[in-house]
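Q: Sequence:
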Amino acid sequence: MPTDTFNKLPEEKKSKIIFSAKKEFTRASLEEASIKNIVEDAGIARGSFYQYFESKEDLLQYLLEERAEEMNRNVENTLDKTNGDIFEVFISIYDYMINECIYNKEVDFFKKIFEELKTSQDDIFAVDIKKYKPKKIEEYYEKIDKTNLKIKGKEEFTLLVRMLHAVTKKAVVSNFKYESKQKAREDYLKQLEYIKYGVLN
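Sequential numbering of the sequence shown, starting at -17, is according to my numbering.
Since the hints were made in silico from the structure, they are not lab data.
Ideal placement from N, C-alpha and C gives every residue a C-beta, glycine not left out.
Don't take each hint at face value.
Claimed, not checked - Taking lysine-lysine and the DSS-like style, the derived pairs with C-alpha atoms no more than 30 Å apart in a straight line are:
(1) K94 / K163
(2) K5 / K128
(3) K163 / K38
As the list claims (entries may be wrong) - Restraint-style ranges between C-beta atoms, simulated for each label pair:
(4) K5 / L182: 46 to 56 Å
(5) K132 / I17: 34 to 44 Å
(6) V181 / Y32: 50 to 60 Å
(7) E14 / K172: 39 to 49 Å
(8) K132 / E(-6): 31 to 41 Å
(9) N19 / V181: 46 to 56 Å
(10) E48 / Y160: 21 to 31 Å
(11) E48 / I17: 31 to 41 Å
(12) I177 / I17: 45 to 55 Å
(13) E(-6) / E51: 38 to 48 Å
(14) E(-6) / T140: 17 to 27 Å
Build the full structure now, drawing on both the sequences and the hints.
A: Encoded structure:
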């Protein structure tokens, strides 16, 4: 995690270092990523880097934790605003992924990280980075309003979450096939309606 020295830097300088880091991690795998490239692009001395982070692994973990915490806050805020509506939670996750990851200048960075998570045998990806993924929805079980859900216990709740997760994940990935974000979102909401109310008249 970043040192106090990094945290006390002016926001402009911190943003430049973060931008350069994401640029390098997009270009190369963690193993091949170069601290030299990061510091040169950010316009800082190599020695300064180690005043801010212990290693490039430490820097990448910081970038991932920052985004995971943002996602968690998004879910928690939605739970509070909607009194624990599980469907609204997944809509908020969909909107977050579309607006903050897919249609965002950082999309290539996240694509690279997802590829690394799937293929790397390095311990940093096998263990550490997984710690910085957003919380699972099941961890919010007690906050979910289950009064109108036809579920009996946590096992059936987990089944519902898996269904919603699968539909949401596919909808996010399928966004590239649509001519407009609006049409993609409308189709996603229709799928949630089918799960929520069924398809029989």
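Q: List, from low to high, the hint numbers that the structure doesn't satisfy.
A: As far as the earlier hints go, 2, 3, 5, 8, 11, 13, 14 are violated by this structure, in ascending order.
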